[in-house]
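Trainee: Just so we're aligned, residue 25 is where the sequence shown starts under the numbering used here, counting upward by one.
Bear in mind the hints are in silico, worked out from the structure with no lab data behind them. Every value quoted in this text rests on a predicted model; they were computed, and no experiment measured them. Note that CB positions come from ideal geometry on N, CA and C, so glycine has one too. Among the clues, some could well be false.
As the list claims (entries may be wrong) - Label pairs and their in silico Cβ distance ranges:
{"no.": "1", "residue 1": "Val232", "residue 2": "Glu317", "range": "35 to 43 Å"}
{"no.": "2", "residue 1": "Lys288", "residue 2": "Asp313", "range": "36 to 44 Å"}
{"no.": "3", "residue 1": "Met254", "residue 2": "Tyr319", "range": "15 to 23 Å"}
{"no.": "4", "residue 1": "Arg362", "residue 2": "Tyr227", "range": "20 to 28 Å"}
{"no.": "5", "residue 1": "Asp300", "residue 2": "Tyr407", "range": "45 to 53 Å"}
Said to hold, decoys possible - Below, computed lysine to aspartate or glutamate pairings styled on DMTMM-like, alpha-carbon distance capped at 25 Å:
{"no.": "6", "residue 1": "Lys272", "residue 2": "Asp335"}
{"no.": "7", "residue 1": "Lys288", "residue 2": "Glu323"}
{"no.": "8", "residue 1": "Lys272", "residue 2": "Glu291"}
{"no.": "9", "residue 1": "Lys281", "residue 2": "Asp220"}
{"no.": "10", "residue 1": "Lys288", "residue 2": "Glu211"}
{"no.": "11", "residue 1": "Lys242", "residue 2": "Glu291"}
{"no.": "12", "residue 1": "Lys166", "residue 2": "Glu263"}
{"no.": "13", "residue 1": "Lys272", "residue 2": "Glu257"}
{"no.": "14", "residue 1": "Lys288", "residue 2": "Glu277"}
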Amino acid sequence: MNEGKKKVLIKALSAGKVLLLWMMVMGLILIWACRQGNESFTMLMTDIRNGFVDNPLFPAVFKNKMILLSGAFVVLFWVVLVTDELKWKLQVFKWKLTVSSTAKRFRIAVNVVVWVVALVFVFALAVFLGPEIGQFLSGDWKKETLIAHACGGIDETNYTNSKEAFENSYANGLRSIEVDFVLTADEKLVCCHDWDDELSSEYGEGYVYTEEEFLALKLHDKYTPMSLGMLFELMQQYEDVWVITDTKEMEPESVRKEFEILLKTAEEMGCVDLLDRLVVQLYSHEMYDVVEEIYSFPEYILTLYQLDEPDEAAFIEHCRFCKNKGIETITMRSGWVRPEFVEIGNRYGIDIYVHTINNMDRLEELQAIGVKGFYTDYVLPEYLAE
């Protein structure tokens with residue numbers, strides 16, 4: 025090979041390396057850009073897959089940055105082409121590698137190409153297989169269409185959150201069981217929807233029980249009330265049960281207190297591992313960070329019943345929040361569901377659940393538009409198979 029051709033080859037290889045370097049810089053800019061506003065890399069993948077339909081500002085901002093970057097690239101590319109002698113040096117601690125021969129340049133270029141192709145392949149997997157991977161790794165509770173509401177109905181009585189209701193739901197084939205929690209006067213968590221008139225009639229309206237007083241009751245004259253500790257014992261007995269929490273509180277200090285008590289109870293009983301079978305219902309975006317400071321639960325649901333009925337823009341914001349936090353489920357009142365909400369949820373890999381459904385005709389109507397799950401007092405898994 026004559027000197028002229030060799031110089032051309034060296035310049036071409038050098039220019040190719042600059043181009044590959046530019047491609048990697050682009051990837052870094054993408055990663056940097058996706059972090060703006062605390063949005064996750066997963067959220068960026070979702071936006072790319074959806075064509076930025078819900079985030080039209082991002083392409084405009086990215087375009088401006090790419091124009092500047094492309095200008096810098098043109099200048100750098102020109103420098104490469106007009107330079108007769110170009111050496112690439114890599115300084116690693118005290119070792120210096122000087123690459124000047126055509127063979128070494130070629131090997132480095134090939135290595136860079138391999139790494140870039142690998143990164144592009146992983147990037148493509150994240151974009152196109154992200155939802156499927158997420159569904160494969162999601163908790164077992166997502167396999168269940170039905171969630172037993174307030175431990176499920178028993179003997180045509182609902183909202184008992186009782187031991188008998190829990191065991192009845194399990195016997196009927198339900199494996200995802202929602203449980204209500206309230207704080208007692210002595211700051212213990214018990215399984216109860218609220219301190220309603222029926223409970224407080226003996227002591228006067230608005231009376232808040234101690235744990236001991238509450239556990240001494242017979243709900244509806246026959247059902248056994250449960251403390252958090254009793255619930256943990258049932259979870260130890262029934263190892264395939266998932267418990268969906270309904271703690272109701274939204275104020276940060278109240279939320280913090282409830283979940284600190286929950287964690288402390290599990291620690292005292294030596295069953296912290298059970299917390300990984302709790303699915304925590306969040307009532308606001310802000311609640312997520314408060315709970316995570318105490319314990320990082322593997323599964324969450326964003327539940328909207330304490331918020332205003334969302335319009336399409338608000339629902340998109342809920343979906344984007346969930347996608348950023350790795351939350352795969354949004355629960356809402358059955359009357360709020362719209363087909364467009366289901367479509368938006370599908371774009372983000374978010375399943376929609378509704379409460380509370382006790383009528384099979386209504387359940388099938390909602391299933392037909394894509395609702396995935398139902399809180400229920402009386403619908404049983406066997407009904408779905410009919």
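Trainee: Decide, hint by hint, whether the structure agrees.
Mentor: Consistency of the hints with the structure:
no. : hint                        : verdict
1   : Val232 / Glu317: 35 to 43 Å : 26 Å, violated
2   : Lys288 / Asp313: 36 to 44 Å : 20 Å, violated
3   : Met254 / Tyr319: 15 to 23 Å : 20 Å, holds
4   : Arg362 / Tyr227: 20 to 28 Å : 44 Å, violated
5   : Asp300 / Tyr407: 45 to 53 Å : 30 Å, violated
6   : Lys272 / Asp335             : 23 Å, holds
7   : Lys288 / Glu323             : 19 Å, holds
8   : Lys272 / Glu291             : 23 Å, holds
9   : Lys281 / Asp220             : 22 Å, holds
10  : Lys288 / Glu211             : 12 Å, holds
11  : Lys242 / Glu291             : 28 Å, violated
12  : Lys166 / Glu263             : 16 Å, holds
13  : Lys272 / Glu257             : 23 Å, holds
14  : Lys288 / Glu277             : 16 Å, holds
Comparing the model with each numbered hint stated earlier shows that hints 1, 2, 4, 5, 11 do not hold.
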